[in-house]
Amino acid sequence: MNSFFPSLVLELHNRCEKIITLLEQHELPVEIEPNLKNTIKKTISIKSNLESILADPDFGAPELLINQINRYKRCYESYSVIEKIQLPILLRYSEKDHFFHSFLKQSLAQINYKIETPLISAASTNYYEVFADKNPVFSSFFVPVVDDIFLLNLPDLFHEIGHLIFLHKENEMSYEFAIKFNDYLSSEKNRLKIQTRPFEPKFYDNLEELWKDSWVKEHTANMIATYCLGPSFGWQCLRICVNTGEDVYFPSKIITQPDDHPSFESQIQGILEILRIMGMKSEFSTLNEKWNQYKMFCHFDKPTEHDHCYPEYLMKSLAENVFQGCTKIGLKPFVSQNHIKGLINIPLTLDHSWNLFHIDPKKFLIWEESEVKNLKATLSKIP
Amino acid sequence: MSDLSREINDAAIVIKKAHYNLAGKKDISPTQLADSRKYLIDIFINLVKNIQPEIHDFDSEIKKPIQLPISFIDHVKNSNKSEMTYFIEDLKKIINHLKKDQNLSLQDLKILDKMCSIMDEETSASFRKFWRKRSI
Numbered sequence: 001m002n003s004f005f006p007s008l009v010l011e012l013h014n015r016c017e018k019i020i021t022l023l024e025q026h027e028l029p030v031e032i033e034p035n036l037k038n039t040i041k042k043t044i045s046i047k048s049n050l051e052s053i054l055a056d057p058d059f060g061a062p063e064l065l066i067n068q069i070n071r072y073k074r075c076y077e078s079y080s081v082i083e084k085i086q087l088p089i090l091l092r093y094s095e096k097d098h099f100f101h102s103f104l105k106q107s108l109a110q111i112n113y114k115i116e117t118p119l120i121s122a123a124s125t126n127y128y129e130v131f132a133d134k135n136p137v138f139s140s141f142f143v144p145v146v147d148d149i150f151l152l153n154l155p156d157l158f159h160e161i162g163h164l165i166f167l168h169k170e171n172e173m174s175y176e177f178a179i180k181f182n183d184y185l186s187s188e189k190n191r192l193k194i195q196t197r198p199f200e201p202k203f204y205d206n207l208e209e210l211w212k213d214s215w216v217k218e219h220t221a222n223m224i225a226t227y228c229l230g231p232s233f234g235w236q237c238l239r240i241c242v243n244t245g246e247d248v249y250f251p252s253k254i255i256t257q258p259d260d261h262p263s264f265e266s267q268i269q270g271i272l273e274i275l276r277i278m279g280m281k282s283e284f285s286t287l288n289e290k291w292n293q294y295k296m297f298c299h300f301d302k303p304t305e306h307d308h309c310y311p312e313y314l315m316k317s318l319a320e321n322v323f324q325g326c327t328k329i330g331l332k333p334f335v336s337q338n339h340i341k342g343l344i345n346i347p348l349t350l351d352h353s354w355n356l357f358h359i360d361p362k363k364f365l366i367w368e369e370s371e372v373k374n375l376k377a378t379l380s381k382i383p
Numbered sequence: 001m002s003d004l005s006r007e008i009n010d011a012a013i014v015i016k017k018a019h020y021n022l023a024g025k026k027d028i029s030p031t032q033l034a035d036s037r038k039y040l041i042d043i044f045i046n047l048v049k050n051i052q053p054e055i056h057d058f059d060s061e062i063k064k065p066i067q068l069p070i071s072f073i074d075h076v077k078n079s080n081k082s083e084m085t086y087f088i089e090d091l092k093k094i095i096n097h098l099k100k101d102q103n104l105s106l107q108d109l110k111i112l113d114k115m116c117s118i119m120d121e122e123t124s125a126s127f128r129k130f131w132r133k134r135s136i
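If you read the sequences in order, they're chains R and B.
First residue of the first sequence: 1, per our numbering; consecutive thereafter.
First residue of the second sequence: 1, per our numbering; consecutive thereafter.
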């Protein structure tokens, strides 16, 4: 390891150097200059860290070797995020990326989330996703390559925006819920000690890990998207559920079937709860009715564990927390959106798309084509 | 987790350089050494509190709890399951040695290295998990 390790450090340092040169010489539109500058800055910082490892008079000292290897690994991890995420976007920035950059910028402005626009790439092989970073310009969104010519999927971009907001404002979004969730776990674990229950203690350990690791983020991202877009996000969620053919109660037997996403049943209930809090009674009823019909037609059986994984009072508590959090940080709710002449209001356009789709799907397809052109033309005029 | 891992590791490097009297010791300022010591004391105190909340020896010193990752705490617990009482005693000893600016014992250094390794393993694991998630 004594000679192999210094070579690794040297090689990674060389990569950083080459990438910095590549990025500095690469011509990019002015709109993503902050993102480019930040990536260069981050790469320079990794390079400096590697230089400090190399320049350490104790470099390779047996007493410190393990710590120096750890330092190198952290440098490699930071580097690999740049190589795998930021570089492909920056070096292959396309017309489609440019469109989505404008779309994302406008969306963030219209929901009143004031941050510098993150990177966005229309070359996802994994549907909609976000690499969320505390620093917005170092965050990156990925969207499907054809979604610049369709409208119905676009609410999912707001789910990813929700993930970014959660990362920046976790306390505002879930602090009160986290207290209630911990109380729930403690009381369930205590009940296990004094009375016979159908579950093993491990069930609640897994549940805790799943909620804290991913479910609270997924539910919060859904709820933020619903707060910003209203029912169109719920319809898109229902569509994904139908398209994937997933059992709406999966996962709930979590010991044998772990999954990163909470069950569609709980997701829809979370979305409905936000609609209810926002006072959208008729939208709540329509979505709820369609959801119940879908469950009935497909004959899904609700396992006993489901209500223990997603207790109704906790879902309501999270929805209340997210609603208050969104209000506190000044996000503009769907119910306050209004059209401004000459501008396209994205939340209202997405809502209109889904309404038209329900009323007359064939007419919607014709309208969608012209609306996409209109959207592109309008966004292209915005600096 | 990555930042925490980096900070613990960097503090350990400073402490070990000073302890082993390595060439780089001359570049460490007294403030840097004191800060590293203080940082590790805080980490170890929070670790003790997370493993055994009923221990109140250091309650007055916890000004602002450091959020240690659950996976790190679980890993530490599992690694020392059979000898938890001794492990807690060892943690208390290293805290006191760091506080009093005393020489660290071999056992102290063993624990320091072990904590850095566990933190490193957990950070690497979460990093691998991050890429796995993205490739679904």
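Just to be clear, a hint being listed does not mean it is correct.
Claimed, not checked - Simulated crosslink set (BS3-like; lysine-lysine; CA at most 30 Å straight-line):
#1 B/Lys77 x R/Lys212
#2 B/Lys25 x R/Lys42
#3 R/Lys42 x R/Lys105
Hints in this document: simulated from the structure, not taken from any laboratory.
Each hint tested on the structure:
A C-alpha spacing of about 19 Å is found between B/Lys77 and R/Lys212, which places the hinted pair at or below 30 Å, so the restraint holds. Distance hint between B/Lys25 and R/Lys42 is fulfilled; the C-alpha atoms sit about 29 Å from each other, no more than 30 Å. For the suggested pair R/Lys42 and R/Lys105, the alpha carbons sit about 23 Å apart, so the restraint of at most 30 Å is met.
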